[in-house]
Amino acid sequence: MYEEMMRFLRFSTGGKTSIGIFFILIVIASNAEGTATLRNVTLEKIDGPGNNSVVYIRSQAEVDCLHYVITTVGPTSPTLLLLKSASNTSRVHIFWDKLLHPNSSVVEGAVHLVDENGKPLPKSPKTSFYIFDELLEYEDLQNSSDITDPKNKNLTSIRLDELSWAANVTGFTAVLQGTDKNSSKFTNTSKVELRFTPFSTKGRRSVLPRMAHNELSADVEFIVDGIAASRPSSRFAVMLVVANPGNSSFLPSVKVTSDSVVEQVSKRIIDDEYAPTIFTFGQIFSKTKQNSATNNFWQWRTVCYVMPHHTNDDATDVKSTTLTGNQTYVAPALLDNKLLQGYFGFSNLQLIEARATIAGFGKEDDGYYNATAYISWTSLVGFGTPPPESFSITVISILIAGVGIPIVIILIGSVFLLKRRFCDESRIRRSQYEPIE
Amino acid sequence: MSDGSEKALLSNHVDENVILVLNTKCGICDPRRIAHRMIVLVLICFLGFGVSFCGDTPAALHDQIVEKLDIDEETFMGLYSWYACPNVILSLLSGYLIDRYIGVRLGSVTLAGFVLIGHCIFSLGKNIFKSDDAKLPRWKFTVDVAYGCGDLSLVFGLLISSMMIAEAINFNVLLQIYNAVDRTKSSGNSLGITLFIASIPCVISFACAVMLAYLDKRAEKLINRERNDGSPIHLADIKNYPLPFWILTIISLSVIVSVVTFAGLGVSYFENKLGVSPSTSHELNSFLYCLVVPLAPLLGFLVDVTGYHVYWILLAMVSSLLGLCLLTFTLLTPWIGTALVSFSIALWTCPLFAIVAFIVPLHKLSTAYGFMASFQSLGSAFMTKVSGIVVDSSGYFMLGIFFCIWSSVAVIFAIILYFVDIAKVSKLNISTKERFSQETSPTELILQPPQDFTLFPV
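First to last, the sequence lines map onto chains A and B.
According to the numbering used here, the first sequence holds residues 1247 to 1683 in order.
According to the numbering used here, the second sequence holds residues 530 to 987 in order.
Derived from the structure by calculation, the hints contain no laboratory data.
You may find that some hints are simply not true.
[Stated by the list, open to error] One-sided excerpt, in silico: chain B residues whose CB lies under 7 Å from chain A:
1. Phe700
2. Tyr925
3. Ile941
[Said to hold, decoys possible] Calculated Cβ distances over 10 Å to all of chain A for the following chain B residues:
4. Tyr625
5. Leu720
6. Tyr743
7. Ala748
8. His763
9. Asn769
10. Lys802
11. Glu812
12. Thr835
13. Asp921
14. Gly924
15. Phe965
[To be verified] Covered stretches of chain A (chain B as the covering partner; in silico rule of three or more C-beta atoms under 8 Å from a C-beta of chain B):
16. 1415-1427
17. 1508-1518
Predicted, not measured: the structure shown is a model, and the values here were computed from it.
All residues carry an ideal CB built from backbone N, CA and C; glycine is no exception.
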């Protein structure tokens, strides 16, 4: 009987293996297809008078064109402006004379979209901007890494528009580096850095936190390196100002009614295989009110790293506050911002409903900021909805095997038992048969 | 039982005192009666209690040991390696020695003595390994108590409960004792004194082993209980054990790796993977163990009453897989998954070890259990390290997948066991009524008591 069973298993092994391979191929195929749009991504630095420059990322496809404009011109805090145009030949054009004009009311129109002939295009209906406005320092007396805890004291801030910024483009990464030679907190090597890396395809970075990305997104890494902390138990945080002006028409005689909202979400996932022990995403969505369609997103894993080379041992938490529309935080970031004045116009900036959140770095018992004097926080910014996190091929194969093998064994065993019962019954019937003669 | 059948069981040289004892109304004195068997059962539970209590003292006093002995975490974990690694060989060897040479009575007394001496030396500050293979004779004793398979599952269930209660008391009480001793004594050897106090259950355990040995010897003389069918066991006989034994060994290994290792990592798993607060994760971990305490004897009783041991094993394995899948793949409340895992822990031992007693001859049973214990120790030690590597490299989701893989291996082999049982007609998966209504040979009569031998007659 065992031999029969073994024969059955050997016979069906080939079938089992082929079924397994078939499933795996389906999975690979389904993962591989999807948005197979080819995008042509260019990254350039547009230099202006003096040391002013703008980093411009253009992602062109057949049906649309995405624009990322990053600058600290003004000087202003590092600002990222996202524009989407239905015209795939559109470009961002910068009038430097207007942009650098000291009179804010003149600056409007310094930054706008043009087509291939240089003709201005209407404002993009799906617009978002993100501003890294202030670097905050507080004394974490409670060892709770919670900037909102009233028992944590001595909150000070470094306005990022007061730093001297320099932009560089190397390969497919743009780096904005801010230093302050006049401040006691900055040594020769201290810096605040922003690194932007756009993507032209779907994939996943090999560097922790290994977030999935698609061709509609770009990686933003915020780095604090070597800045002197005031106290041994100091921690740092950064204020991020977000807005989604959306379809606001900004006509002078019409009261602006914004039909878009900015929402913050904390998303929990079950899979931490790419960033061990990190199960949450922080997300900020810019949405259209009417149909809740997501125009832009800003997403991050709630982790930052305290060494330049990211490892699991160097991970610590990122805790963000809820979005606030408090004008004390928001107004300074917007109103003096040359890039935003150039695109939206100074008078319209006051009508924009911007929100601010503070992302604090650290967790209890991690040695505070002074343990390494380095923070690296990675986010993903892009158009549409964030790319979904999916299981790896390994996990999917294991799931298929885990479900498939018991089913196959049950089937084989049932067939074997039925066959044996049938043979037994026929043998019994034959033995009971008596010939007539 | 009539006088005629009584005399048939007695040897030719029984004396009048023996007949007097057997004819007395006193249930405690008669090894065949329920009262006597209950006393033996209580002694077995305390035997298991003491050994489990001593086994968990390093974990309960982890911080104090690290501080007072001035050792680092790696050395502390090395202590557990000293404890776990010899178990792999000793479990098998002690089972063989018990079956071949020294017998279960002397074996259990010796091994209980080792545990006591080892714990006393440990409390003097020496890193000495403590043999956990004293667990082994308990299994054999349960066979004797049930007198051949009537109530094995219930007894195993009670044993699991007593072990869990010992662990719970250990974790909650030992630290209180240490703090109390530390407050009253200023000489600095409070750790040693606490460990000496923790030796008290070991002393009780040793005393129980001695009493059980005496009662078993007495029962053997009174009712002439044959234990050996004459053929001596050799270690090489292991390869002749029937196929269901090997399947059950793999199932027990899979369960140890998946469910028991998971239970050990519970707190950190709940906190990191499920994002619950530290206090809730401790509550979940306590809930996991606390649910086992009442469930294990209850489920053991159900298994004894109903039979169908293979179905129960299958139910336990499916329950563990379902619980682990819920905890790994969903964000549902963790209490459901934890309850299912707890149910599985309570259920898996009872029918599994009972089936081993059905298929392995009585005089080879200690070797069989010893081999299974070796396998489990090896799997447990090796897989604990692998779990650590998986978490560090790939996170808690992959760790959950790792546990689910082993749990599904257990399910697969439980299904295979079911089909093997039908194919071989080995009648492992039959009702209790059917099992004890079968005709038996005189040799098998030992394994098949008359109705009033069972605690709960069917």
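Here is how each hint holds up against the structure:
Among the interface hints, the one on Phe700 of chain B is violated; its C-beta lies about 24 Å from the nearest C-beta in chain A, farther than the 7 Å criterion. Hint status for Tyr925 of chain B relative to chain A: holds, with the closest Cβ pair at about 6 Å, below 7 Å. Proximity of Ile941 of chain B to chain A holds as hinted, the smallest CB-CB distance being about 5 Å (cut-off 7 Å). At roughly 28 Å, the least C-beta separation between Tyr625 of chain B and chain A is larger than 10 Å, which holds for a residue marked as non-interface.
Once the 10 Å rule is applied to beta carbons, Leu720 of chain B is consistent with being away from chain A; the minimum gap is 26 Å. Every beta carbon of chain A lies more than 10 Å from that of Tyr743 of chain B, the smallest distance being close to 46 Å; the non-interface claim holds. Chain A leaves Ala748 of chain B outside its interface by the beta-carbon criterion, the shortest separation being 41 Å against a cut-off of 10 Å. Consistency note on His763 of chain B: stated as away from chain A, and its beta-carbon is indeed over 10 Å from all of that chain's, at 25 Å minimum.
No Cβ of chain A comes within 10 Å of the Cβ of Asn769 of chain B; the nearest lies about 16 Å off, and the non-interface call holds. With a minimum CB-CB distance of about 7 Å to chain A, Lys802 of chain B fails to clear the 10 Å threshold, and the non-interface call is violated. Non-interface call for Glu812 of chain B relative to chain A: holds, since the shortest CB-CB distance, roughly 20 Å, exceeds 10 Å. Consistency note on Thr835 of chain B: stated as away from chain A, and its beta-carbon is indeed over 10 Å from all of that chain's, at 23 Å minimum.
Consistency note on Asp921 of chain B: stated as away from chain A, yet its beta-carbon is not over 10 Å from all of that chain's, at 7 Å minimum. The Cβ of Gly924 of chain B does not lie farther than 10 Å from every Cβ of chain A; its closest approach is about 3 Å, which violates its non-interface assignment. Listed as outside the interface, Phe965 of chain B is consistent with that label: its C-beta sits roughly 26 Å from the nearest C-beta of chain A, beyond the 10 Å cut-off. By the rule of at least three residues with a Cβ nearer than 8 Å to a Cβ of chain B, the coverage given for the region 1415-1427 of chain A is violated, with 0 such residues.
Counting residues of the region 1508-1518 of chain A whose beta carbon lies closer than 8 Å to any beta carbon of chain B gives 4, which reaches the threshold of three, so the coverage claim holds.
In this structure, the earlier hints numbered 1, 10, 13, 14, 16 are contradicted, and the remaining ones agree with it.
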